Amino acid sequence: MLTRVSTFAFSNTAVRFSQQHNAQIARYQNQISSGERIQRASDDVVGFRRLGLVRETAARLEANETSINNAQTIIQAGSDQLTQYGTLLSRARSITQQGIQSLSDSERKIMALEIDGLLSQVKNIANASFGGNFLFGGDEASRAPFTFARNPIEGRSLAVNYRGGASNSLVQISSTIQLESYLDGRQVFNLNSRSETSFIGSTGAISGAGTD
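The sequence shown begins at -7 in the working numbering and counts up by one.
Treat the hints with care, since some could be wrong.
Said to hold, decoys possible - Computed spacing ranges between beta-carbons, pair by pair: (1) Ala50 <-> Leu110: 43 to 53 Å; (2) Ser159 <-> Leu110: 25 to 35 Å; (3) Ile102 <-> Ala136: 29 to 39 Å; (4) Ser96 <-> Ile169: 50 to 60 Å; (5) Ala55 <-> Ser134: 17 to 27 Å.
Bear in mind the hints are in silico, worked out from the structure with no lab data behind them. Nothing here was measured: the structure is a model prediction, and the numbers come from that model. The beta carbon of each residue, even a glycine, is placed where N, CA and C say it ideally should be.
Sequences are here, hints too, so could you generate the full structure?
And the structure:
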């Protein structure tokens, strides 16, 4: 049997293929302009699912990167303060060595004034803050970690008290990774509990009335 294709059917087929061709061209142009090959599930079902997983992983990694950068900024701020602290200790050691050799009271008074100035700077470092929290307050970083008791007559520091957290503050980077940020000031400045002064041997030395 001979099947005859009418002009109308031929035209409809041509129009349909033309529309499909134009739709493909429009989709490709859209992909080129957006830079995305898959924009909807109908473009590629399997690829769309994989793309969703990749996007979830990328979002999670970006969040981890933000947490790492924040923790790194805090750690760097603490490191800068401790670098300055080391410089002050070196200067205090140098002044002490000079004081041993000095015979003049006026020279020793000048050195004592400089030591007081260094001590004030050390106090500022101990209670240094960054981002609204105290760098050496540990997991209680919202308040100043150190208080300093003073002699009401001489005005000199007699005791240092720590009221910060009992451990370092941790930043959760991922389910398995944590970074320390705000540090326990007792560990940083070696503020261990001190016992009573003890004397060994028969030197005759005794504890004085002032601060040991």
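Against the range 25 to 35 Å, how does the distance between the Cβ atoms of Ser159 and Leu110 compare: consistent or not? Roughly 29 Å apart at Cβ, these two residues keep to the hinted range, so it holds.
Hint check for Ser134 and Ala55 - Cβ pair distance inside 17 to 27 Å: holds, 24 Å
Is the gap between the beta carbons of Ala50 and Leu110 within 43 to 53 Å? holds, 50 Å
Note whether the CB distance of Ile102 and Ala136 lies within 29 to 39 Å or breaks it. Given a distance of about 31 Å, which is inside 29 to 39 Å, the answer is holds.
Given the range 50 to 60 Å, decide if the beta-carbon distance of Ser96 to Ile169 lies inside it. Check passed, 58 Å falls within 50 to 60 Å.
Hint violations for this structure: none, all hints satisfied.
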